[in-house]
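Q: Sequence:
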Amino acid sequence: MNFSKIINRSATLLFILISCLSIHDLNAQTLPKNVIANISQYLTSTARQEVAGRPIAIDSIRIVKKTINIYAGVELSYIPFRKNNVTTIYAQVKKRLPKEYASYSLAIFSDKYKIEDYVPSSLNDRFANKLDKPLITNTSRPFKADRGLLGHHLAVWQSHGWYYEQKLGKWQWQRARIFQTVEDLYTQSYVLPYLVPMLENAGANVLLPRERDTQLHEIIIDNDHNKSQSTYKERKGKEKWDDGEAPGFANFKGNYQAGENPFKMGTFREIPTISKGKESFCEWIPNIPEAGKYGVYISYQTVENSTDDALYTVHHLGGETEFKINQKMGGGTWIFLGYFSFEEGMNDNCKVVLSNKSQKSGRILTADAVKIGGGMGNIARVPLNNETNTITYKPTISNYPRYTEGARYWLQWAGVPDTVYSRTAGENDYSDDFQSRGFWVNYIAGGSSVLPEKGGLNIPIDLAMAFHSDAGTTPNDSIIGTLGICMTHFNDEKFENGKPRLASRHLADMITDEVIKDIRQNYEPKWTRRPIWNRSYSEARVPEVPTMLLELLSHQNFADMRYGLDPRFQFIVSRSVYKGMLKFVAHQYDYDYVVQPLPVTSFSLEFVGDTEVRLNWIPTLDSTEPTAKPTKYIIYMRVDNGDFDNGEIVPYSNAQVSIEKDKIYSFKVAAVNDGGESFPSEILSVSRKSNEKGNVLVVNGFDRISAPISFTAQDSIAGFLDAIDHGVPDKNQYNYTGSQYEFRRDIPYMGNDTPGFGGSNSDYETTVVAGNTFDYPFLHGKSILKAGYSFISSSRDAVINGQTKLAKYQLVDLILGKQRQTNIGRGYFVPDFKTFPKELQTRITAYCHQGGNIFVSGAFVGSDLWNSENVLDEDLAFASNILKYRWRVGLAATTAGNVKYVTSPFPMFKGQMDFYNKPNTESYGVEAPDALEPLGENSYTIYRYSDNNLSAGVASQTNYKTCVLGFPFEVIEEEDQRNDLMKGILSFMFRKD
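So the mapping is simple: this note's numbering equals the position in the sequence shown, first residue as 1, plus 65.
Please keep in mind that the hints were generated in silico from the structure rather than gathered at the bench. Remember, it's a predicted structure, so these values are computed and weren't measured experimentally. Think of the CB as a built atom: it goes at the ideal place given N, C-alpha and C, for glycine as much as any other residue. Take these hints with a grain of salt, some might be off.
Said to hold, decoys possible - Ranges of calculated distance between the beta carbons of each label pair, as one might list FRET restraints:
{"no.": "1", "residue 1": "K591", "residue 2": "H282", "range": "11 to 21 Å"}
{"no.": "2", "residue 1": "V895", "residue 2": "N1003", "range": "29 to 39 Å"}
{"no.": "3", "residue 1": "S187", "residue 2": "Q322", "range": "41 to 51 Å"}
{"no.": "4", "residue 1": "Y155", "residue 2": "G324", "range": "53 to 63 Å"}
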């Protein structure tokens, strides 16, 4: 052995090592401690302007060559970054460096990324799928949202749900009933009525892992098996129907246990497509148990050479709506088409038809079951097997509506493999529920450009979002606020298709930023921005698409929920989420987005001939979104008790239509642009009666939607008092569990069944509570027409701005419902929904002085003027001198919703009436109607409340006539009673004395 060579080599290696270490030390300098402290202080100050939290530490600094790399603590990554604040931060940090580093480059990192990488527009490697034909195309829709979300597929879900707790052997909520709701239902009040329709109005295909239809009935029509006379039919044309080779859906069981898949229990049908020649059809004809609105789902199988334009037609009360379905994706599950109104029973106005006509012949069209309605849960669960457990349990279904259940149960009913919805092999439904949502995203995207090597439904999902509310309280009525969560630190920071997971951070940033900006501008300037977390939550980590969790607010915090229960807040937040998604997708696909318009206002109808009606409205401009301008409009029409048609495009903010006599025509209007369609206007109705006795103008002054009334008393008690005023849901409410019973702030949370402050009842948690339908001119009009009079209708705002002329009509029927001045949250902005705004008082005063007659009904027509926070003398004078009444008391009838006539000089007023005074499924309830007293000469009480004989309505006759009721006409339960009351009112108003 040559020891000298070994020694020489060792010396050489040691020299190289020492040299390397020396070079490293020279190139890895740091900064003086006072400079580091100064930078830390500046970054902390900057971050605290956006998000509360701990000081921003400087974890390390490395100076390599001519670059200074500053590694800040993870808390710096919590804030939103934009080009302007990134530029400012770099400039300010550079200013704080010693002069000898003036020529050095600077890089600031937090949580593994440079801060400029967090800017949402920074990614060049974008998450853009290969798009051909989308899963669903509504070919009856009269517009295309080319610069909205047309053709994109989005996965969205509301959080949690009713689930089976194996350890306890019972079904229960995953969260506590608190402040009249539970998170398992609460987030649905954003996702279902607002967010999903907004996305669909922008052209998106939206997929959910939970039932979206609140209809309690469910009808399954299938080629294998049907119940209750529902029928499946086939009609042979050029080609014939055959059985498919693989399994299909069948519903032979009443309920389904672990691992059972109804989409593997039956057969499906298939047929070659044709481009010309005689079509073949199959029809699904349900036996509808109760007239109403139902969600319609279809199913089919994806096979080799599937067609991409399967033509489905839904026949419903509004006509026919056609869809083209790309059967190359989505086979073997329920595919939602939309909500449609059907009559009770079986008829040609209620069916789904599939044709084999296609643009290309020789492809394979498949047909399987159709599902109509949401239904009740049908997944049966049992506790875990346990050797020490001597109780024998039977499989138990939830006995709750399916829309209340967690994703795990819907996914089983929808044919998803149990490897997706039962990750714990059935041992823990709670865990399976939240885990299943992310794995469901990958399952439906499997086989597409998202996950080309994985099996699945081949749907190219562009993003996913989980809508949650959070826990936590504040002791001083401050806001918990909004948190965004994403996860990038997984799979080497990349999705399976190689695209950067940083896109999830950008999505979370863009959505939360829109939400916070809009809340601050519209409702609460002090709304709290919480961090954007990059953390390993299952719902954020598992999906192989850009994904975020939105923790909007704390359902446990009273200050948050004073906003969170308000439908106006829910609409604005949902619009913010939609805008964030739109802007994210537009960036990924590199196109200029357009935001869909806001709903139109000042809608009115007027006769311009015997059977000609003119529609007028005014567009609403969005001051925060310059692209959200309408370019055209859609008029939707309904005849009598039918449903609205598919709409007709008009270029201007007015139109003229022809009507037939003795039919009631109803209209609503939506604004349209290249980004999509707005939510519709209120509904106005009109009818010209043959041999009319007169003409009535119905004015809808009831546009209130609101949270329940709330109060706070120093720091001791607070809460919601829905027994005094439940508020007004927007059309329907399905987040309400029951009244709050615990108002003491100091009672702590001890568990879901003992939630402490805010604890609420459970008696309404499966009830879809009716709210403001914005369709009351139709209901009033039916009674007017029945009495032999024509009627036409207008919004209150069209009266105020002079668009509708009261003087043209002998009688005005003013609908005020539950209109009253209402704050939102802590009341930072001026209350909305006053019964008689000053401008309306002016119009009514002039009308009455000209001899015009007026009928007013509403629950707060007195208390809103006499018992509000800001009582005005001119308001009281208007009610007293013009409408001839004064307020006696609120809460006039709290036990029985019943009124009875009393003897008066006006004998046409007679009978008894029952009205809705509690939350229910048919009509909004009036918990606290007003007692009114007549004022002035020839003014008399005509009705009294049966509870206590307080005056419920007054009528007066001077040189004009008035009738004012302290309860709304439209909440009278029986149609015959409404008709009799309206007949009496019209007889009084139109009689010649």
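Q: I'd like to know which numbered hints this structure contradicts. Please list them from smallest to largest.
A: 1
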